[in-house]
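**Student:** Each chain is listed here by its residues.
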Amino acid sequence: MNWTLALPEIALAVSGMAILLFGVLRKEESGFLASMLAIGALLLAGVLMTATGAGHAYDGQFVVDPFSVALKLLILAGAILGVALSVDYNRAEGIGRFEFPVLIVMATVGMMVMVSAANLMTLYLGLELQSLSIYVLAAFARENLRSAEAGLKYFVLGALASGLLLYGMTLVYGFTGTMDFARIATGLADPMQVSAGLIVGVVFILAGLAFKISAVPFHMWTPDVYEGAPTPVTAFLSTAPKVAAMGLLLRVMIGPFGHLLAQWQGLVVLVSIASMLLGALGAIGQRNIKRLMAYSSIGHMGYALIGLAAGTVSGVRGVLVYLAVYIFMSAGAFAVILAMRRGGRAVEGIADLAGLGRSDPALAMLMSVFMFSMAGIPPLSGFFGKLYVFLAAVQSGMWTLAIIGVLTSVVGAYYYVRIIKVMYFDAGETGFAVRPATLSIVAAGSGLVTLLFALFAAPVVAMAEAAARALLG
Amino acid sequence: MIYAVAVLAPILGSAIAGLLGRAIGDRAAQAVSILGMVIAAICGNIAFAELTWGGAETGTVDLGTWISAGPFHVAWALRYDALSAVMVAMVTLISTLIHIYSVGYMGHDAYPTYRFFSYLSLFTFAMLMLVTADNLIQLFFGWEGVGLASYLLIGYWYDKPSACAAAIKAFLVNRIADLFFAVGIALVFFVFGSVEFPAIFAAVGQHAGETYTLFGTAWPVLEVIGVLLFIGAMGKSAQIGLHTWLPDAMEGPTPVSALIHAATMVTAGVFLVARMSPLLEFAPTAKALIVIVGGSTALFAATVGCTQNDIKRVIAYSTCSQLGYMFIAAGVGAYQVSIFHLITHAFFKALLFLGAGSVIHAMSGEQDMRQMGGIWKKIPATYVVMWIGNLALAGIPFFAGYYSKDAILEANFDVGTGVGLYGFVCGVAAAFLTAFYSWRLLIMTFHGKPRAEAKIMAHVHESPAVMLVPLIVLAIGAVFSGMGFHAQFIGEGWHEFWRNAIVNAPSNHVLADLERVPESIALLPTFMGVLGIALAYVMYVAAPSLPGALTRAFGPIYRFLLNKWYFDELYDAVLVRPAMALARSLWQVGDATLIDGVPNGLASLATDSSAQVVKLQTGSIAIYAFSMLIGLVLLVTIYLLFR
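Those protein sequence lines, which keep their order, are chains A and B.
Here the first sequence is numbered in the numbering used here, starting from 82 and rising by one per residue.
Here the second sequence is numbered in the numbering used here, starting from -14 and rising by one per residue.
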C-alpha cells in the first residue's frame, strides 16, 4: 500500500491537531503564534508535495497526479493567504483565538483530499471536512449576530447541498454498482445504455458541487454569507474552497462522467451563462463591498465554468489558469478591504473608499490593479484568465458562451471601474487607520503577481496544460 | 540635379518658415521662404533654358521608391521634359515674384506672417510635384497638396467667417472633382497595370479599341478614362459647374488669388489634359466634351464678369473664362497652344491680380469698383501695369495674350468640326466681352470722379518698391512672353521645343494648319477686342447714364448675370440643403436617438435587471433553499428532456 502519497495531507492533519493541542495547553491568548505555526504547517505540506510521487493509493480511493498537485498548490497558497490576512483583523476584532488557524488547516486538509479523490466516498469525506470547518469559521465572531446568522445560513443550506450530493451519489452507486471513478467511467462507456436514474444522480451531484462554487441557481447563500462572515473568512471563502470545489467538479464531471459530456454539457453551459449574468447584474446596485465581491465571485465562477463546458484539454487548462489568477486578485482585493478601518472599526461601504487615491495612493493603486484585472483589462492577469477560457470555448465552437462572457465582462467592468472612480474622484473622509504590515505584504505580493502575470504566464500555462492532460488522459 | 533643387527648395523654405517661424521671427521666416523660392526660380529657369536652348536630354530624376505593393509600383521621380520644365520655370518665377510682393502687401497684417509665407511655399511645392510627376499617383499627391494649400490660404484670415466658408467651399468642390480623378487613376491602373506615364503612353495604342463594362453597358475604356480625368481637371481649373469655388476664393489675401489664378492650382487641370495628350488623342468624345465645356465656360464667365463690381471678382471670372480658352485649344488637339496660353496668361493674370492688390492697398482695403475712380494720377505705376495687363488679356496685338488667344481661335476654326466651331464662336464672343469688362474695370477703377470718401482718397498712395518691382517684372512678361515664345511653342520650332512631351496623333495637323487660316478669321478676335473696348468707352465715359438705363431695361438678364447664373443658389437648393437636412436627421435620429439610445438603453436595462436579480435576495433561508430545489428540478428536467 502506497500510503506515502498522502503524506502532505497526513502531515497537515497531524500539524493541525498539534496546533490545537498547543493552543489548548497554552494559557494565554495564542492566536498569532498558532497562525504562524499554521502557515508553517501549510508550507511544510507544500514542500512534502514536491517530494511525493504520483499514482493511486488506498485501494484506488486516492489519486496523486499533476492535476491534483496543481490544485493543491493553489489551495495551499490560498490557505496561506487566508491565514495571513486573518491575523491582524482577528486581533483587532477580539476574535484572535487559536482555533481560527486550526480550522483553516483542517479545511485545507479536506480540500486536498477532495481534489485527490478517486472514489465517491473520498470525495464526500474531503468535502464534509472542508465544509464543517468553514461553517464554524463563518460563525467565528459568535457574539456578532450577523456572523452567527451567516454561519447558520451557510450550514443549513450546505447541509441541503450535501444531502443532494449524497442522494446523487447513492443513485450513481445504485445504477453502476461501484463508487470508484475509473469503474464508473467504464460502466458509462456507452452513453446510450445510461438509465434515467443515473442521470438524475449526475444532476444531483452537479447541483451539490455547484453549491460549493456558488454557481447559479445554487448561489443564494453567497451574498449573505460573504457579508455576514468575518472579513478574513470571506477572503478565505473566495479563494481556496472555490479552487477545491471547482477542481472536484472538473475531476468528477470529466473523470467518471466524462463519457456523458454531450449530455451534461448543456447544463453546465446554462449554469455558466446564468452565473455570468447574475454576477454581472447583481453587483451593480451593491453598496457593501463584501456583497459586491460575492456577486463578483459568482460571475468569476461562471467564467471558469466555460472551461468545464468545453470539456477539452484547453478548457480544463483555461479553468486552472483562471483559478490561479483568481485567487491572487481576490486575496489582494480582500487585503485592501481588510485595511478599511476607521476609528477602530472595520467599514465595508463602497463609499468609504472615497478619497483613497489621495489619502493612501499606494493602496488605491493596488486596488485599481485588482479591479482592472477582475474586469479583464490587459495586460493584467485577469485578462489572461478570461482569454484562455474564451479561447477554449471558441475552439469548441461554443460561440454563444464566449460572446455572453465578453458581454457580461463589459457589464462587470462597470462596477469594477466604479470602485476606482470612487477612490480617485469622489471627495472622501479622513484616511483609514495605519494598515498592518501583513496586509501590505499580501496586497503588494498579490498586486505584483496580478500586474506581472504576463511575464511568467508560460510556465503557469504549461503546468495547467500538463494537469489538464493528466485529467483527460 | 538642378531640377530637383528647383522642386525641393520651396518645401524646405516652407518647413523652416512654418515650423521655426515663431522661433526665428517673422522677417527671418520671410527671408528663408523667399530665398528658397529664388533658388527654385533660378534653378527652374536654368533647367528650362538648358532643355530649350542648351540641348539637354529629357529624362527623369529618381528620388526613391514610394509604394511597392505587388504589381503596384510608385516612385518619387521628377519628369524632365519640355512640358514639365516650362511649368516649373513659370511656376517658380511667378511664385517668387508673388512671395516678394507679399512682403509689402502683408506688411500691415495684424498677425505674424510666417504662416502665410510657409503656406505660399507649400503651395508652390505641391504644384511643382504635380507638374514634375512621372506617374499619376505623384501627380495626385501634388494635386491634393495644391488643394490643401489652397484651403489653408483662402482661409488664411480664419477669424473672417466668409473666408472660412470660402476655404471649405473650395476644398469640397475640389474633392468632388478629385473623386472622379481618383477613379480615373484606378481605371488607368486597371487597364494598363501601371500608373507610370511611360508605361501608360507606350501601351495606349494596344488598348485603343477596348471597352469597359459597367452596369451591363460597354464603354470605350479610353473615353471613360479621358472623361474621368477631365472632370478632375474641371474641378481644379474651375470649369462651368465646378467653378463656384473660384470667385469665392477671393476671400484670401490678394497674393494668394494671384498665385491660385496664375501659377498654381487652376492651371493644374490644363496641365493634366496636356500631360495626358497621348491618351486623349485616342478619346475623341472626351476631347469634344473638353471643347464644349471649355467654350461654355469661356462665354459664361465672361458674361458674369461684365456685371461684377468687386475688382477681384471681375478678374476671377476672367480667369475662369481664360481657362475655358485653354480647354477649347486642348480639346481640338492643340495642347501646345493651350500651354502657350497658360504661360502668357500666367504673366498677365498675376500682373492683374497684383495690380488689383496694389489698388486695394492704395484704397485702404476697398474692393468695390463703385467706390473707386479718379485715382490714376495718384498711382501711375499701378495704372500703367494694369493697362498692360488688360491689353494682354484682351488680346490686343503684340501683347502676350494676342499670340496665344489668336492661335486658340484659329485652331478651333481650323479643325472644321461642329465642336470646333462651337469653341470658335464662344471664344470670339468671349473675346468681345473680355475686352469690354477689362476696360469697364480700368475705367471704373481709375477714371471718372472719385467716389470714395475723402479720408480714403487722401490716403491713396503708390505701393512700395517691394510690390512695384514684381509688378514691373510681370508687366515685361505680359508684353513680351507671347512675342518671345511664339516661335518655340506653336511656331516653326515647336517640334524641337516639345520633342515628345506632348503627343499629337498622326491625323492631328492642327498646329501645322494654324498659319493657313483666312486673314479675316485671324483678325476677327482683335477686331472684337477693339469693339469691346469701344463699347466700354461709350458706356462708361461717353454716356455714363447708359449702363443704368440698360440695367433697368433688361432687369431680369442683368440680375441673372449679376447673380452668376444662380449657380450658387441652385447648388444650395439641390445639393447643400438636402445634404444638411440628411446630416441633421442622421445626427438627431441616427446618432442622438439610435446610436446614443442603444448604450443608454442597455445601461438602464442592466440596472433594471440588476434590481430584479437581487429582489429574490431577501435573506430568508426558506426562499434560498426553495430556489435551490427549483433550480435542481429545472436542471433535471432539462437534462432528461434533452439528453
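The reader is advised that the hints may include incorrect statements.
[What the hints assert, rightly or not] Footprint (simulated), chain A over chain B, 3 or more residues, beta carbon under 8 Å:
id, segment
1, 576 to 586
2, 616 to 625
[Stated by the list, open to error] Label-pair ranges, simulated between beta-carbon atoms:
id, chain 1, residue 1, chain 2, residue 2, range
3, A, Arg178, B, Gln597, 37 to 43 Å
4, B, Ala577, A, Glu224, 35 to 41 Å
5, B, Gly582, A, Glu224, 49 to 55 Å
6, B, Leu626, A, Asp507, 29 to 35 Å
Because the hints were derived from the structure by calculation, they are not lab data.
No experiment lies behind these values; they were computed from the predicted model shown.
For glycine and all other residues, C-beta sits at the position ideal for the given N, C-alpha and C.
**Student:** Would you mind marking each hint as holding or not holding in the structure?
**Tutor:** Hint by hint, here is what the structure shows:
| no. | hint | result |
| --- | --- | --- |
| 1 | 576 to 586 | violated (count 0) |
| 2 | 616 to 625 | holds (count 8) |
| 3 | A/Arg178 to B/Gln597: 37 to 43 Å | holds, 42 Å |
| 4 | B/Ala577 to A/Glu224: 35 to 41 Å | violated, 57 Å |
| 5 | B/Gly582 to A/Glu224: 49 to 55 Å | holds, 53 Å |
| 6 | B/Leu626 to A/Asp507: 29 to 35 Å | violated, 50 Å |
Going down the numbered hints, you'll see the structure goes against 1, 4, 6, while the others check out.
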